[in-house]
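Participant: Using the hints provided, position chain B relative to the given structure of chain A.
Number of protein chains: 2
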Amino acid sequence: MSEELPKAHFTEENSADVVVGQNANAQNARLKEVMHSITHHLHAAIKEIEPTQEEWMQAIMFLTKTGHMSDDWRQEFILLSDVLGVSMLVDAINSRRPKGASENTVLGPFHVGDAPEYPMGTNICLDGKGDDMVVRGRVLDVDGNPISGVKIDVWQANDEGFYDVQQKGIQPDFNLRGVFRTGDDGSYWFKAVRPKHYSIPADGPVGALLAELGRHPFRPAHLHYIISKDGYDEVTTHIFDPDDIYIDSDSVFGVKESLIADFVRVEDSDRIAEVGFDGLFYWDVEFDFILAPKV
Amino acid sequence: MSEELPKAHFTEENSADVVVGQNANAQNARLKEVMHSITHHLHAAIKEIEPTQEEWMQAIMFLTKTGHMSDDWRQEFILLSDVLGVSMLVDAINSRRPKGASENTVLGPFHVGDAPEYPMGTNICLDGKGDDMVVRGRVLDVDGNPISGVKIDVWQANDEGFYDVQQKGIQPDFNLRGVFRTGDDGSYWFKAVRPKHYSIPADGPVGALLAELGRHPFRPAHLHYIISKDGYDEVTTHIFDPDDIYIDSDSVFGVKESLIADFVRVEDSDRIAEVGFDGLFYWDVEFDFILAPKV
Chain A
1 MSEELPKAHF TEENSADVVV GQNANAQNAR LKEVMHSITH HLHAAIKEIE PTQEEWMQAI
61 MFLTKTGHMS DDWRQEFILL SDVLGVSMLV DAINSRRPKG ASENTVLGPF HVGDAPEYPM
121 GTNICLDGKG DDMVVRGRVL DVDGNPISGV KIDVWQANDE GFYDVQQKGI QPDFNLRGVF
181 RTGDDGSYWF KAVRPKHYSI PADGPVGALL AELGRHPFRP AHLHYIISKD GYDEVTTHIF
241 DPDDIYIDSD SVFGVKESLI ADFVRVEDSD RIAEVGFDGL FYWDVEFDFI LAPKV
Chain B
296 MSEELPKAHF TEENSADVVV GQNANAQNAR LKEVMHSITH HLHAAIKEIE PTQEEWMQAI
356 MFLTKTGHMS DDWRQEFILL SDVLGVSMLV DAINSRRPKG ASENTVLGPF HVGDAPEYPM
416 GTNICLDGKG DDMVVRGRVL DVDGNPISGV KIDVWQANDE GFYDVQQKGI QPDFNLRGVF
476 RTGDDGSYWF KAVRPKHYSI PADGPVGALL AELGRHPFRP AHLHYIISKD GYDEVTTHIF
536 DPDDIYIDSD SVFGVKESLI ADFVRVEDSD RIAEVGFDGL FYWDVEFDFI LAPKV
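Here the protein sequences line up with chains A and B, keeping their order.
Taken in order, the first sequence gives residues 1 to 295; the numbers are from this note's numbering.
Taken in order, the second sequence gives residues 296 to 590; the numbers are from this note's numbering.
Bear in mind the hints are in silico, worked out from the structure with no lab data behind them.
Each hint should be verified, as a subset may be incorrect.
Stated by the list, open to error - Below, simulated DSS-like cross-link-like pairs (lysine-lysine); rule was C-alpha separation at most 27 Å, straight line:
no., chain 1, residue 1, chain 2, residue 2
1, A, K99, A, K294
2, B, K551, A, K47
3, A, K65, B, K589
4, A, K256, A, K294
5, B, K394, B, K424
6, B, K302, A, K256
7, B, K486, B, K424
8, A, K47, A, K7
9, A, K196, A, K256
10, B, K302, A, K99
11, B, K342, A, K47
12, A, K99, B, K491
13, A, K7, B, K394
14, B, K327, A, K256
15, A, K65, A, K47
16, B, K342, A, K256
17, B, K394, B, K463
18, A, K47, B, K327
19, B, K551, A, K32
20, A, K129, A, K47
21, B, K446, B, K486
To be verified - Counterexamples of contact, computed for chain A against chain B with all Cβ distances above 12 Å:
no., residue
22, K7
23, A115
24, S148
25, G149
26, Y198
27, A202
28, R215
29, D243
30, D248
As the list claims (entries may be wrong) - Not close to chain A: a few residues of chain B, all C-beta gaps over 10 Å, as computed:
no., residue
31, R391
32, G403
33, F405
34, P414
35, F469
36, S482
37, G502
38, D528
39, R566
40, V570
Heads up, the beta-carbon is just placed ideally off N, CA and C, and yes, glycines get one too.
Chain A with its partners taken away, still in its complex shape (with noise of 0.2 Å):
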């Protein structure tokens, strides 16, 4: 049996209230809940802002051209969930860890599936341009044991800001990118180039919005991570370059201060000729992960 509507008219004051008491016959109570919070929120937000019925109206013109900014390729909705924080926020709610273990942050677009597995030392760059560098470190159990047979799918932009996907034909297919396994050690270690930081798309309605906000379109330079292994709450993740010049000021909000590492410039000549570099320095990232057990 339906559940009789409440029979209340709108004011300006029970006006949430009112919306909310139609959805009383909804069979789907999780989209109730949500339409709930969701109804209280924006009324609270529009009584805040007191629009103008001017202003009202370029807010529906700015969702209506991310609507048709977005197509198969392109998903400007996702883009503005990015820069209002919302896409780390939905994030951060699903990736809680014990304190210690390895935090979450966003996936971003430009993740393949099927990038090769390598050899541990393998250089993923694929066309010898940029800075040499070298990445290493373990992954180790929130006791501090190492965790062998980790898998680290590793993918990240080249030196000018773009990933292969971004410039098929220009870079090679599969630049920068490639998995690798832990030893038994717990440890892995790569090479490739320091990557650079860039800018998100920012020739649509959130470019001009972030325009119109004082803010920049970049992300700092960064390495993307996907850490798995059965047993352990799968980690997605970045490290980040602690010189970028946006470090502090993320388009997409996607540093958090346990991701940010260290970018060492070692010009010993010996330690080049180890790691098999033949340059006059090589950039050194040791970074630790560290995974918590699945839940």
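Facilitator: Relative to chain A, chain B alone:
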């Protein structure tokens, strides 16, 4: 000189503050204020809802579809604003009036600017379809004095719930629309037909949302008005039929207590003849409008 941006990185706790911190250099103070409010309420809603990644993607796709449904003829985001009570709330905020003055409600999409002006008593029903109706009353100021020369712009759906502009070639042009002016005693009257409830467009994502929420898409039967005279606050409003089955559940929340009229069935043959009808009955609707001085 631009303000130095705050250096805090993202956490679940400080998320909204970190996001609005990046707007420190916005030149547009109003937009900065608006984004402060929107960001805080949006993050608060997300923290309350704790959406899964899949749920968040559903929200993104809902907004995307709502954008794709919108074009020059169909505005699905306005419809979304309507069914969430936001259009009514924005209208209420922008039309606060002294107690006793006629209240506003939403304009809706069916007003046309060039409806013909008629002498008092004219029948605006041009095709003779539906139950005869007389609408009459006075326009007064807040002290109860009649106001002459007030422009009364009225439009309504027909007895099947369609406006003329929705049925080009079926209804005559300008059917059930007209402009009248009050006489020296502030009175107005015209003839029409009793309107019927109708559905808002329900074949898009907003209609699907209503269905999932157990809500119907109907608006209770009503007449639209714009009532205006120099020196007075213009009133955009409806009057509603109290006997309509949807009177307590308007899908866009347009009903306010003060806007519910009385539809009285008149079967007295003398009165029927006096107003110029020739049927067995007509509906008599008496409704006074009270105009507040322009501020």
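Participant: If a hint holds in the structure, say so; if it does not, say that too.
Facilitator: Hint check:
Of the supplied pair hints, the one linking K99/A and K294/A holds, its CA atoms being roughly 14 Å apart against a limit of 27 Å. The suggested pairing of K551/B with K47/A holds, with an alpha-carbon distance near 19 Å, which does not exceed 27 Å. For the given pair, K65/A sits about 36 Å from K589/B by alpha-carbon distance, which is inconsistent with the 27 Å threshold. This hinted pair checks out: K256/A and K294/A have alpha carbons roughly 22 Å apart, not beyond 27 Å.
Taking the CA atoms of K394/B and K424/B, the gap is about 38 Å. The hint is violated against a cut of 27 Å. Distance hint between K302/B and K256/A is fulfilled; the C-alpha atoms sit about 11 Å from each other, no more than 27 Å. The straight-line distance between the Cα atoms of K486/B and K424/B is roughly 13 Å, inside the 27 Å bound, and the hint therefore holds. At most 27 Å may separate the alpha-carbon atoms for a hinted pair to count; K47/A and K7/A meet this at roughly 23 Å.
At most 27 Å may separate the alpha-carbon atoms for a hinted pair to count; K196/A and K256/A meet this at roughly 18 Å. Annotation: proposed proximity of K302/B to K99/A holds, straight-line Cα distance about 22 Å (limit 27 Å). The straight-line distance between the Cα atoms of K342/B and K47/A is roughly 20 Å, inside the 27 Å bound, and the hint therefore holds. Between K99/A and K491/B the alpha-carbon distance is near 62 Å, which puts this suggested pair outside the 27 Å criterion.
Of the supplied pair hints, the one linking K7/A and K394/B holds, its CA atoms being roughly 22 Å apart against a limit of 27 Å. The straight-line distance between the Cα atoms of K327/B and K256/A is roughly 25 Å, inside the 27 Å bound, and the hint therefore holds. A distance of roughly 25 Å separates the Cα atoms of K65/A and K47/A; the hinted pair therefore holds under the 27 Å criterion. Of the pairs offered as hints, the one joining K342/B and K256/A holds, with about 19 Å between alpha carbons and a cut-off of 27 Å not exceeded.
Annotation: proposed proximity of K394/B to K463/B is violated, straight-line Cα distance about 41 Å (limit 27 Å). Among the hinted pairs, K47/A with K327/B is consistent with the structure: their alpha-carbon atoms are about 16 Å apart, no more than 27 Å. A threshold of 27 Å between alpha carbons decides the hint, and for K551/B with K32/A the separation of about 25 Å falls inside it, so the pair holds. Distance hint between K129/A and K47/A is unfulfilled; the C-alpha atoms sit about 54 Å from each other, more than 27 Å.
Of the supplied pair hints, the one linking K446/B and K486/B holds, its CA atoms being roughly 16 Å apart against a limit of 27 Å. Listed as outside the interface, K7/A is inconsistent with that label: its C-beta sits roughly 5 Å from the nearest C-beta of chain B, within the 12 Å cut-off. With a least beta-carbon separation of about 22 Å from chain B, A115/A lies farther than 12 Å from that chain, consistent with its non-interface assignment. The Cβ of S148/A lies farther than 12 Å from every Cβ of chain B, with a closest approach of about 29 Å, so its non-interface assignment holds.
Residue-level check passed: G149/A sits 26 Å from the nearest beta carbon of chain B, beyond 12 Å. Annotated as non-interface, Y198/A keeps its C-beta farther than 12 Å from every C-beta of chain B; the closest such distance is 17 Å. Every Cβ of chain B is farther than 12 Å from the Cβ of A202/A; the closest lies at roughly 15 Å, confirming the non-interface assignment. With 12 Å as the threshold on Cβ separation, the claim that R215/A sits away from chain B is violated: the shortest Cβ distance comes to roughly 5 Å.
Non-interface call for D243/A relative to chain B: holds, since the shortest CB-CB distance, roughly 15 Å, exceeds 12 Å. Not every Cβ of chain B is farther than 12 Å from the Cβ of D248/A; the closest lies at roughly 5 Å, contradicting the non-interface assignment. Residue-level check failed: R391/B sits 8 Å from the nearest beta carbon of chain A, not beyond 10 Å. Against the 10 Å criterion, G403/B stays outside the reach of chain A, whose nearest CB is about 13 Å from its own CB.
With a least CB separation of 17 Å from chain A, F405/B remains clear of the 10 Å interface cut-off, as annotated. P414/B, annotated as away from the interface, keeps every beta carbon of chain A farther than 10 Å; the closest lies near 33 Å. For F469/B, the non-interface assignment is confirmed: its Cβ lies about 26 Å from the closest Cβ of chain A, beyond the 10 Å cut-off. Chain A leaves S482/B outside its interface by the beta-carbon criterion, the shortest separation being 28 Å against a cut-off of 10 Å.
Non-interface call for G502/B relative to chain A: holds, since the shortest CB-CB distance, roughly 14 Å, exceeds 10 Å. Every C-beta of chain A lies more than 10 Å from that of D528/B, the closest at about 14 Å, which supports listing it as non-interface. Here R566/B stays apart from chain A, with its beta-carbon at least about 32 Å from theirs, past the 10 Å limit. At roughly 31 Å from the closest C-beta of chain A, the C-beta of V570/B stays outside 10 Å, upholding its exclusion from the interface.
Figure legend: structure checked against the earlier numbered hints; hints not met, in rising order: 3, 5, 12, 17, 20, 22, 28, 30, 31.
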